[in-house]
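Enquirer: Spelled out from the first residue to the last, the chains are:
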Amino acid sequence: SPSTSSTGTTEQGETDTPAAEGQETYKIGLHYELTGAVADYGVAENKGSKLAIKLANEAAGYEKYVGVEYDNKSDSSEAVTIATTLASEGVIGVVGPATSGASAATYQISNDSQVIVVSPSATQNNITLVDPNNADSDVYEYIFRVCFEDSYQGAAMAQYATDTLAASKAVIYGDSASDYSKGLIEAFDTQFTKLGGEIVATEYYTAGDTDFSAVLTNINSMEFDVLYIAGYYNEAGLIIKQAKEMGIDKVILGADGFDSESLIELAGAENLNDVYYTTAYTAVDASEKLQAFIDAYKVEYNEEPAMFAALAFDATNLLIQAVEEVGSADAAALQAAVKGINFNGVTGDFTFDDTHTPIKSVLVVKLVDGVQSSADSVSPQ
Amino acid sequence: MIQFMQQLINGISLGSIYALIALGYTMVYGIIKLINFAHGDIYMLGAYIGFVFATKTGMGFIPTLIVAMITCSIIGVVIEMIAYKPLRNATRITALITAIGVSYFIEASTQKVMGTNPRAFPNLLPKGNLNISGVVITYQQIFILVVTVLLMIGLQFVVTKTKIGRAMRAVSVDTDAARLMGVNVDQTISFTFALGSALAGAAGVLVGIYYNSINPLMGLVPGVKAFIAAVFGGIGIIPGAMLGGILIGVTEALVSGYGSSLYKDAVVYVILIIILVVKPAGLLGKNVREKV
Amino acid sequence: MIVLQTKNLTRNFGGLAAVSNVSLEIKKNELVGLIGPNGAGKTTLFNLLTGVYEPSEGTIELLVDGNLKSIGGLKPYTITNFGIGRTFQNIRLFKELTVLDNIKVGMNQNINYGVLTAIFRFPKYYSEEKRVHEEALKLLEVVNLVDKKDELAKNLPYGEQRKLEIARALATNPRVLFLDEPAAGMNPIETQELTDLIRKIKDDFNLTIILIEHDMSLVMNVCERIYVLDYGKLIASGDPDSIKNNKKVIEAYLGED
Amino acid sequence: MRKNQFTKTNLAWLLVIIGSYLLINVLISAGVINKIYQTVMLTIGINIILAISLNLIIGITGQFSLGHAGFMSIGAYSAGVIVKMMDGAPSSVYIGMLVGILISIVVALIVATPTLRLKGDYLAIATLGFGEIIRIVIQNMKITNGAAGLVLPKLIDWPVVFVFLVISTIVIVSFTYSAYGRACISVREDEIASETMGINTTKYKIMAFVVGAIFASIAGTLYATSFYVIKPEIFSFNKSIDILVIVVFGGMGSFTGSFVSALLISVLNTSLQSFADIRTIIYGALLVLIMIFRPQGLLGKYEFKFSKLFDKFAKKEVRQ
Amino acid sequence: MLKIEDLNVHYGVIHALKGVSLEVKQGEIVSLIGANGAGKTTLLHSISGIIKSTSGSIIFEDNDITKRSAKDIVSYGVTQVPEGRRIFKGMSVEENLYMGAYLRSDKDGIHKDLESVFERFPRLKERIKQNAETLSGGEQQMLAMGRALMARPKILLLDEPSMGLSPLLVKEIFKIIIDINKQGTTILLVEQNAKMALGIANHAYVLENGKIVLSGLGHELANSPDVKKAYLGG
Ligand SMILES: Nc1ncnc2c1ncn2[C@@H]1O[C@H](COP(=O)(O)OP(=O)(O)OP(=O)(O)O)[C@@H](O)[C@H]1O
Ligand SMILES: Nc1ncnc2c1ncn2[C@@H]1O[C@H](COP(=O)(O)OP(=O)(O)OP(=O)(O)O)[C@@H](O)[C@H]1O
Ligand SMILES: [Mg+2]
Ligand SMILES: [Mg+2]
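Residue numbers (our numbering), protein chains in the order written: chain A, 3 to 383; chain B, 7 to 298; chain C, 10 to 266; chain D, 5 to 324; chain E, -12 to 221.
Calculated directly from the structure, the hints in this document are not laboratory data.
Backbone N, C-alpha and C define an ideal beta-carbon position, used for all residues, glycine too.
A hint or two may mislead.
Said to hold, decoys possible - Using 25 Å as the maximum straight-line C-alpha spacing, the simulated SDA-like pairs for lysine to any residue come out as follows:
1. B:39 x D:193
2. C:147 x D:181
3. D:12 x C:129
4. E:182 x C:198
5. E:158 x C:47
6. C:139 x D:315
7. C:157 x D:271
8. C:158 x E:2
9. C:163 x E:-5
10. B:62 x A:271
11. D:316 x C:138
12. E:39 x B:191
13. E:216 x C:138
14. C:256 x E:76
15. C:163 x D:312
16. E:182 x C:250
17. D:309 x C:107
18. E:76 x C:98
19. B:169 x E:112
20. D:39 x A:332
21. A:252 x A:197
22. E:94 x B:62
23. E:158 x C:263
24. B:39 x E:118
25. C:158 x D:315
26. A:56 x D:277
27. E:112 x C:25
28. C:257 x E:150
29. B:285 x C:21
30. D:305 x C:100
31. B:169 x E:97
To be verified - Covered, in the sense of this in silico footprint (three residues per stretch, anywhere, with C-beta under 8 Å from a C-beta of chain B), are these stretches of chain A:
32. 206 to 219
33. 258 to 271
Next comes chain A alone, as it looks inside the complex (with noise of 0.2 Å):
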């Protein structure tokens, strides 16, 4: 069956041999943005999960592991009613949303029944926590994630730009409506200015603009090394293409949200030169593992993966590496082999730290001719 097809909730594994009598099955829900403002993230990595699915389904020889689909559309009181169907579901773990606003609706749900989450790009800092605005709180038991903060993305560029890049004068361009965004730019801030940086300027764009022209001018206009672009590649890509044509030729860094082909498509290859940006995922110097991934989503997607699959391709086999070491579908033991899980996977080789929040080093890609040409790990000091 073409896997591209939506499948609902209807519970659907990815091998045509259904279970048989005493051959145990596990539900995993997948709940994700599959239409609304942020769909492009979630549809990447619903893909991103049914694949881990699939390959495990076929590794088990049956259909072993279920996935049960929901869309939040985006939103994130749709995102606690799913929560909570999830949680009568029966399902051992949760993988999703794609986003930090609706991944906090769903956690105090999901902890109070038990249910392990695994969000694969909830990058919002201390989010894990009780109460993320306050970093003594408690973390949520049941609650882990596979990315890292936005606060060590940030960090870590601002240490790139510095050391290695010798950079000394900075212009920030995010955007205003995003708390992704918003984390990236306090942390490369905060870090960038106590390495004896300056921040010239910091300029917003929102969401769905197309035009960038204007605030491009007058970054034009300014004295600086580095522009750091804390956004998605959807509106970076077509940043970096009219700020090229405009003639800023300074380097422009940016993090995980440039992760995409679509970069590439927007930006045009001829403008992705002296681009920098951190991730955890890089096709660079790939690992079997991860050239296995990225042949396999080919295959079944007849596409490149992006970032976000493959984070969500991670945090579903973490699951299923959880189920398998524990062999059944007791809660408690799951939380445990979760917690003290040592987990290699196409993003990254990880163990938790006491936030639930992997501990793996930044990789910052360097684009030359929007092709990915050299990573190099850093950690903020």
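Fit chains B, C, D and E with the ligands to the known structure of chain A by using the hints.
Expert: Just chains B, C, D and E with the ligands now, kept in the frame of chain A:
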């Protein structure tokens, strides 16, 4: 000074894009008083149709534009027949809700069929720019502005000077009286939609080329901005839409350039409200006191 | 006793002086007619007197508590509360409200309970609503519409809509009543009934009435005095007989027989 | 007979309220209403409050407002901030609600005074603008934690929403069926005529707008304290559109309609869940179809009233 | 020329016309009188195809127009001056007149007719570019008639052309009607002003509650005691 001129150019070219979308919006409104929320989505469809046509056939700008305009006008007429025609006698808010339904339908269908990720539009127009003592204008900017002005003039001509235009206005004032003159009301309204949708389709292709990026939700923001532009100028007034669009574009550019880019949208709304308080029917709208 | 007077009242629309230099004096309990060709400015004059339009020049004074008070340019609702009621040339009923509720809206300013009483339904709410209901029914009786009290106003035949408008105007408890073409679209029989109604309410409600009408059978029949407007200017005034024979009026308005 | 609150209809309503409260309780303990339905009930309750308060503004007073989400966000954020300050103490909900109401009143007055002079679509756009300005301000304030929003504990459950639903309904319906409501309706029907009836139209427009804003704010507080996360983007103008859809769908000017429609739309939404990513397509198509077949909304202007029912009974008895 | 037989029209449950039959001969003026809500406008709207009848037939010059579209009916030569004038607000006097000639494409003919309308109504010529909305009531009525004449109708349906007009204008309008008729246009006139309507009619009908209750020659009806009592006031 150069900087200021540059920002002005930036604003005008952004504004001409808002205006381009607002023209069709305001014309449809002027004739059938419907806030066609789906207009922005037809614009998006225009971009996708152009995208598919250009990438599949490899043809150039003019054929792409024509195909997008024709297809969009057909889509517009079909939407009108299915979704709006049965509601001719309903309240305007009812028709508005239907338009919202149509908008959801088009957006989600496009997401489903074309995928949710942004696509790069093939570049069908020559690149290059003019540099007038430091102020840069690209050919594409000039092209879009010229096209917008020509379309505005053309549209204004059709509506005010031609027979079909007279029929359109007559229908908008008094449908039954227009019928008594022998006007085929359904055909006239279909024509209005065809025209408005063709304009949206053209806008989709032009914007697709200009920004090189299209996605299924690309109609949302410009849709709302075009609506605001139309209201700014006086809704239903064709030159008003142009004026409103340019004004919004220039405001955004100047606020970004000289104020804080953080508040560019807020400032647009503040100016909008101030203008409406001073001129309750928009800039070019006549504030007629109802005759009692 | 003068209840209403205007001095040099003028209203311009663009270049057009719809009402120009009009000075009137209306005495208590008079029944005055206002006639003139189409577009002479009669309705505009009503609109000025009731606050719908602001005068460009001139003054309007109304007898309030024994003194003449300037009301030019005040808001319509203020003027209504000083005791002026009106009907409209193009009927403006509250179409989606029932006949009874149309009257109750007219009585709104005489209802005495606060928002909190309304919300928490204190006893005062019930007693006031009861009073209003009864008074509204009484007004409907005057115009013979009690049977239709629960109909939506839009469903009434034209003639009854006109009568309902009169009753609604009475509900605001006016001392001066303006009627704008109350007989328009009525046939002679209906017009005759209307004539009787106008006389009756004038006496029963102790009113001063000013009416605009093109139906001379009505005007010449009920009006004690008539003003004639042409091109915004007052061209004649006097009792019906003198108006009938006034050359200027015949030329501009009545036409030769 | 001395008339007071304890009329036959009021007692009947009281019975309905107590009855449904008990019924829900029974259904919950019997397991018929599970956790999911309880969450859905919260959404429905909050949506009804939003819808009837917007209905007062649009359906009753005829003022086309697209800024309702702005007032909802004020209530949500007031509660959010105060809940945070008070560390989630139960009383923080109500203090937050009160603060939200006060701010909403002030903002509603500021919004209403200049904009309510506008008509129709111009008013719609101006209120939309105000709603967006409110959102942008919240998005850039420190205390609201900007774009990231606030993560809040769940502090209320369905009984609280139920109580506020009852209060909102009583206040708004009593307001509408009084001299004040009649004045508002007359404003909707014909402004010039109602001015001529001695009605200060501006005053009544503002009144309806403020009352509507107060309840939108209350709904916002309830939302914030039951849905864990508030972010500025939740309260964008799309939210205002969603509320508008409920109102028009149910029938403009019919509160019964708003109830039915909020309920149906939730049911629709929940049952479409199983269609995952095509449910928005279906929802859009259904919206068009339903409006074509019921252009006046599900219930038009119909209002359920016990008094009508009693009248019918009374007539039957007389006949017998 | 125009023959209506057993026409029934319903608005939802309201039975507005109950088996109306009526005939208008070439070159005549036929008047139709009746109280408010009798169904006069409904009848004219049915003839013009704005309202669809439930049963019965309308024959115009051997064409069955009962089920034809409003556009076809206009093109056959049936034009209406609607109740309340219904001029196109926001359009100029000239544009309104051109709307009358909407279905014609003979430029020269249209131009000639425009001149003759201006001859008949010199006031309209003075106001040629003025927004029709700002015309006085009488001027609007002239415009509505001029607009209808621009279609070169064979039969003109007039719905209460004297409503709201000053006595002088009422006389003028009636003069114009007679004049138009003399120049060869057949006329079906609906009026509240029964006295004048019967005065100029060749034939007349009285409509009550959706039924024709009386018919005859114009002057006959004018002298009928029933009509006098009900419509002429004593
Ligand atoms: N709001 C307005 N804007 C522009 N012109 C107006 C307005 N109101 C009235 N007029 C003009 O003022 C003049 C007087 O109009 P008004 O309605 O007072 O006439 P009238 O005497 O009542 O005529 P009728 O007997 O036909 O009702 C007309 O030329 C009219 O077009
Ligand atoms: N659109 C409509 N919907 C429902 N009923 C209608 C409609 N139009 C007219 N009616 C009803 O049909 C009947 C005939 O109305 P019509 O307008 O034909 O009367 P008329 O003789 O022209 O009266 P008038 O002298 O007031 O113009 C009336 O009872 C009227 O209420
Ligand atoms: Mg008048
Ligand atoms: Mg009629």
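Enquirer: Work down the list of hints and note, for each, if the structure agrees.
Expert: Checked hints:
| no. | hint | verdict |
| --- | --- | --- |
| 1 | B:39 x D:193 | holds (19 Å) |
| 2 | C:147 x D:181 | holds (21 Å) |
| 3 | D:12 x C:129 | holds (16 Å) |
| 4 | E:182 x C:198 | holds (12 Å) |
| 5 | E:158 x C:47 | holds (14 Å) |
| 6 | C:139 x D:315 | holds (17 Å) |
| 7 | C:157 x D:271 | violated (41 Å) |
| 8 | C:158 x E:2 | holds (23 Å) |
| 9 | C:163 x E:-5 | holds (23 Å) |
| 10 | B:62 x A:271 | holds (21 Å) |
| 11 | D:316 x C:138 | holds (22 Å) |
| 12 | E:39 x B:191 | holds (16 Å) |
| 13 | E:216 x C:138 | violated (44 Å) |
| 14 | C:256 x E:76 | violated (35 Å) |
| 15 | C:163 x D:312 | holds (22 Å) |
| 16 | E:182 x C:250 | holds (23 Å) |
| 17 | D:309 x C:107 | holds (16 Å) |
| 18 | E:76 x C:98 | holds (18 Å) |
| 19 | B:169 x E:112 | holds (21 Å) |
| 20 | D:39 x A:332 | holds (22 Å) |
| 21 | A:252 x A:197 | holds (20 Å) |
| 22 | E:94 x B:62 | violated (47 Å) |
| 23 | E:158 x C:263 | holds (9 Å) |
| 24 | B:39 x E:118 | holds (20 Å) |
| 25 | C:158 x D:315 | holds (16 Å) |
| 26 | A:56 x D:277 | holds (23 Å) |
| 27 | E:112 x C:25 | holds (19 Å) |
| 28 | C:257 x E:150 | holds (23 Å) |
| 29 | B:285 x C:21 | holds (20 Å) |
| 30 | D:305 x C:100 | holds (23 Å) |
| 31 | B:169 x E:97 | holds (13 Å) |
| 32 | 206 to 219 | holds (count 11) |
| 33 | 258 to 271 | holds (count 5) |
Going through the hint list in order, the structure does not satisfy hints 7, 13, 14, 22.
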